[in-house]
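> Residues per chain, in single letters:
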Amino acid sequence: MDLFLQTLVSGLLKGGLYAVIGIGMTLIMGVMGIINLAHGQMMMVSMYITYSLFAYAGVDPYVSLLVSVPAIFTLGLFIQQRLLNPLLRAETILPENQVLMTVGVGMVLTEIMRFIFTSDYKSVRTSYSSSTFFVGNISFSVPLTIDFLIAILMTAALFLFLIKTDLGRSVRATAQDKEAAVLMGVDSERITYITFGIGSALVAAAGTLLIPVFYLYPDIGGPFTRKAFVICILGGLGSAVGAIFGGVTLGLAEAFGATYAGMEFEDIIGLVIFLLVLLFLPGGFKRITKV
Amino acid sequence: MTVNRGIVAQIAVLAALAVIPLVVHNDYYLHLLILALMWVVIGSAWNLLAGYTGQVSFGDAAFFGTGAYTAGLLVIHWGWSAWWGLFFGGIMAVVIAFPFGWICFRLRGAYFALATLALNEVLRHVATIWESFTQGMVGIMIMQSYISKLPYYYIALALAALSIIIIRLVMRSRLGYYFLSIREDQDAAESLGVNTHFYKMLSLVIAAWLTGVAGALYMNYMGFIDPHVVFSLHDISIMAILVGIVGGVGTTYGPAVGAFIMVLVQEMFRTAGFGYIKAAAKFTDVQFLISASEQLTKGHALGFGILVVLVIRYMPNGVVGDWGKLMIALRLQKTGRAK
Amino acid sequence: MSFFRADNLVKHFGGLAAVNGVSFEVNEGEIFGLIGPNGSGKTTLFNLISGFYKPTSGEVYFMDRRIDGLKPHKINRLGLVRTFQVVRPLKRMTVEDNVIAAAFAQSGSLREARRIALETIEFCGLGRCKDMLAKSLTIGDRKRLEITRAMATGPKLILLDETFAGLNPSEQDEAIGLIRKIKASGVTIIIVEHIMKVIMTISDRVHAINFGQTLTEGTPSQVVSNPGVVEAYLGEAYHA
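Protein chains in written order, with the working numbering: chain A, 1 to 291; chain B, 292 to 630; chain C, 631 to 870.
Check the hints yourself; a few may be wrong.
Below are the SDA-like pairs computed for lysine to any residue, each with C-alpha atoms no more than 25 Å apart in a straight line [to be verified]: (1) LYS701(C) with GLN477(B); (2) LYS701(C) with LEU281(A); (3) LYS616(B) with ARG722(C); (4) LYS122(A) with GLN586(B); (5) LYS721(C) with SER464(B); (6) LYS440(B) with PHE551(B); (7) LYS684(C) with TYR490(B); (8) LYS684(C) with ASN657(C); (9) LYS721(C) with PRO86(A); (10) LYS178(A) with LYS701(C); (11) LYS765(C) with LYS122(A).
One side of the interface only, derived from the structure: several residues of chain C facing chain B at Cβ under 8 Å [claimed, not checked]: (12) ASN706; (13) ARG707; (14) ARG718; (15) LEU720; (16) LYS721; (17) ARG722; (18) MET723; (19) ASP727; (20) ILE730; (21) ALA732; (22) ALA735; (23) GLY738; (24) GLY770; (25) ARG772; (26) ARG779.
Here are the in silico distance ranges between beta carbons for each label pair [claimed, not checked]: (27) ASP576(B) with TYR121(A): 35 to 43 Å; (28) THR126(A) with HIS519(B): 29 to 37 Å; (29) ARG399(B) with ASP761(C): 30 to 38 Å; (30) HIS519(B) with LEU88(A): 32 to 40 Å; (31) THR126(A) with TRP614(B): 55 to 63 Å; (32) ARG172(A) with GLN301(B): 51 to 59 Å.
Everything labelled a hint here was simulated from the structure, so no lab data went into it. No residue lacks a Cβ here, since even glycine has one placed at the ideal position from N, Cα and C.
Given the sequences, and given the hints that come with them, work out the whole structure.
Shown next, in the form of structure tokens:
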């Protein structure tokens, strides 16, 4: 029973961060209609920023959120404005050119980091990295618990932004019906890069939060991109509420998979879920929740 | 007239390719040519599905790896010749592609692209984890049938020619017209009597078959595979897309052109200008060249990534598709210089 | 034994009934007009008949075969074809290739399909732009292409969805001529139309709907004089 509860807790904690990663991707998906296959790589860059600040200036990872999040937000703006939006104007056969561009961007980001930091594993070991506290027999990792709380805060803030502010409403309007939004006076191009910026900022935050409990290497982006799209598929492409469910589900599934089936299955579990969803629930949780 | 000229040009190119190995005895160049010809097959297959039918695969390695592993497993488990892989590899790729497409094509939009990516990953994990059957990370090593590169070269050339012929025939038949109409507008196609689900499946099956055959050729030629080589997302799946895009999406010969360009470019980055920069550096002892060659080899993947970005940004229709644009750009440069 | 029959068709979207119990019969060889104000359910009805939507309840019979719930391409093969209100040309293919793709419904060989396509292109008067890319056509020619393509599949019944919208008066006259020609060639036509002048001149019988329900049915003059129709729809549109 304890093992079960322990697994549940660690799955939930991880799921909270996954939700943040997934929401970032699904926002971009909703507004631009494309999958950002550089999503995990953006997170990886954010992790290297955090690592550098820690290793060379002794900045605590939680403080470096103030640097990494704006930095990746700006990087996201730049990518959308300079690399993705121009593709809309070019006449091409494939609508997927934007997706391919994100693949290219992901490769470039990975290789730049490898060029600078080499392929070696890096880690940020803070005083609290491996500290835990207990509730009954269940141990809670201190950093992961803090991360979980911050993740909830960020999600709440994002929803407030989307529901209460004009800009947020424009983002939602563009996601629902781009043409109608444009007719209503929404500057859809501006919305696309702001959205890309926000989506990137979210994943950047997740990266910075994760680094105290993770090893860092340039190729870590790819697996997280895959996790992100599994979460989006689970939640239903473009659904932010769905992404929360998707993130938590994936976190739990990975935790239970690792505990009961073996560590080597952790990576494959997301993909199995992905295929199951395609088979039995095409459209994801969105089909059930309708949001 | 133009048709005749086209045929003459094709025969000329084919003849030139057939004669090359008799003139060029350098194994290294032959090796690059064999790889390029293999990529002609994969790129053409990807282009049939993506460029002509509009269903972009991000996971061609799934079919390539299946073909390669089929050939390898036939040897280690049943003691057959790996050449049987050319037959069964293609079939196994179809066996994987069929149920996969059946499920994924029910959904439109980004699902197919994502699902191919996932299939790619799933198969790589399966090949890694199922050690008793696939030998896992150890990979599969077989004895190559020939020491000389010549037989491989001609087999690769035959396969490349075959795939282009098949695709030409397909595109001049009902299939081709239906593929194009699906790419342009699925609802319109349905209303005109096109069973879009069936024809998307058909396009996928042909593409998977060709890619699987190419995979089997790779096993035979290289003699060694492991999950990270043949199920590689970057080196196979993304490379297939690049071959298609650089050459020209939705053009018959684009992928063939793209294959040669991409294999050369990749090799150039990997070896710092085929080692010439290094050689020049050694010869002249210029510090700049030495460091340039070192940085180039070190950053070859970076260069490759930058190339991806630049190609999609500035030449989204590839060399063949953007030929006019390319010519204009070059001419403009000339006149610019003249001024 | 009827050529075409829709029987008590109902289609719900969530809680909304877009079509709510519409029935009508179409005789072979006639032009059957379907009118109604915006949002009255005409296009939904077309989508139900041509297989793009599955009816919530009700049945559709075409030449004594039940066709509701069949896929659009199956229905096409039975000889029932539709056009789209918002035209959907296969943009990056030439006009000829657009029509050839459709003509493959009649023959598997490219040579034969091309022959049928060229014939249909001439029949519909698109010969002057057969080598142009579909995306570069004017709106009038796009509408014409839409009909040409549908005709090339060799239909017995063709559904025309607002073919006249966006056409100038001279184009409208040409289109009326084309529709009469199609009728003369033995193809039955169901036409959804907004422009009353058009529907009144070419229809043999007219069926009026509003809020997804039948208002009345009869000859054009009968329908025009029906007070319900006048109130729902014609009041402004007919006199305007």
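> A separate judgement is required for each hint: does it hold in the structure or not?
These are the hints, each one checked on the structure:
Taking the CA atoms of LYS701(C) and GLN477(B), the gap is near 13 Å; set against the 25 Å cutoff, the hint holds. Of the pairs offered as hints, the one joining LYS701(C) and LEU281(A) holds, with about 22 Å between alpha carbons and a cut-off of 25 Å not exceeded. Our distance criterion of 25 Å between C-alpha atoms is met by LYS616(B) and ARG722(C), whose separation comes to about 18 Å. Restraint check: the Cα-Cα separation between LYS122(A) and GLN586(B) comes to about 23 Å, which is no more than 25 Å; the hinted pair holds.
This hinted pair checks out: LYS721(C) and SER464(B) have alpha carbons roughly 19 Å apart, not beyond 25 Å. With a C-alpha separation of about 18 Å, the suggested pair LYS440(B) and PHE551(B) falls inside the 25 Å cut-off, and the hint holds. For a cut-off of 25 Å, the pair hint linking LYS684(C) to TYR490(B) stands: about 22 Å separates their Cα positions. Distance restraint check for LYS684(C) and ASN657(C): the Cα-Cα separation of roughly 24 Å lies within the 25 Å cut-off, and the hinted pair is therefore satisfied.
As the CA atoms of LYS721(C) and PRO86(A) are separated by approximately 21 Å, the hinted pair is consistent with the 25 Å bound. With a C-alpha separation of about 29 Å, the suggested pairing of LYS178(A) with LYS701(C) is violated against the 25 Å cut-off. Taking the CA atoms of LYS765(C) and LYS122(A), the gap is about 54 Å. The hint is violated against a cut of 25 Å. Interface restraint check: ASN706(C) against chain B, minimum CB-CB distance 4 Å, threshold 8 Å, status holds.
The interface hint given for ARG707(C) holds, since its Cβ lies 5 Å from the closest Cβ of chain B, which is under the 8 Å cut-off. For ARG718(C), the suggested interface contact is upheld, since its CB lies about 4 Å from the closest CB of chain B, less than 8 Å. Checking LEU720(C) against chain B by beta carbon gives a least distance of about 4 Å; that is within 8 Å, so the hint holds. Below 8 Å, beta-carbon pairs count as interface contacts, and LYS721(C) has one with chain B at about 6 Å; its hint therefore holds.
Contact between ARG722(C) and chain B, as hinted, is supported at the beta carbon level, the nearest pair being about 6 Å apart and thus within 8 Å. Annotation: MET723(C) was flagged as interfacial toward chain B, and the flag holds, the nearest CB pair being 6 Å apart, inside 8 Å. Among the interface hints, the one on ASP727(C) holds; its C-beta lies about 7 Å from the nearest C-beta in chain B, closer than the 8 Å criterion. Contact between ILE730(C) and chain B, as hinted, is supported at the beta carbon level, the nearest pair being about 6 Å apart and thus within 8 Å.
Given hint, ALA732(C) at the interface with chain B, holds; its Cβ is 4 Å from that chain's nearest Cβ, closer than 8 Å. For the restraint placing ALA735(C) at the interface with chain B, the shortest Cβ-Cβ distance is roughly 4 Å, inside the 8 Å limit, so the hint holds. Taking 8 Å as the C-beta cut-off, the interface hint given for GLY738(C) holds, the closest approach to chain B being about 6 Å. Checking GLY770(C) against chain B: minimum C-beta separation of about 18 Å lies over 8 Å; hint violated.
A least Cβ separation of about 12 Å between ARG772(C) and chain B goes past the 8 Å threshold, and the interface hint is therefore violated. Residue-level restraint check for ARG779(C) holds (minimum Cβ-Cβ distance to chain B is 6 Å; threshold 8 Å). A hinted range of 35 to 43 Å holds for the C-beta pair ASP576(B) and TYR121(A), which are about 37 Å apart. For the pair THR126(A) and HIS519(B), the beta carbons lie near 33 Å from each other, so the given range of 29 to 37 Å is met.
Evaluation of the 30 to 38 Å hint for ARG399(B) and ASP761(C) yields a pass: the beta carbon distance comes to about 31 Å. At about 35 Å, the beta-carbon gap between HIS519(B) and LEU88(A) stays in the expected band of 32 to 40 Å. Checked against the hint of 55 to 63 Å, the pair THR126(A) and TRP614(B) passes, with Cβ atoms roughly 57 Å apart. At roughly 54 Å, the beta-carbon separation of ARG172(A) and GLN301(B) lies within the given 51 to 59 Å, and the hint holds.
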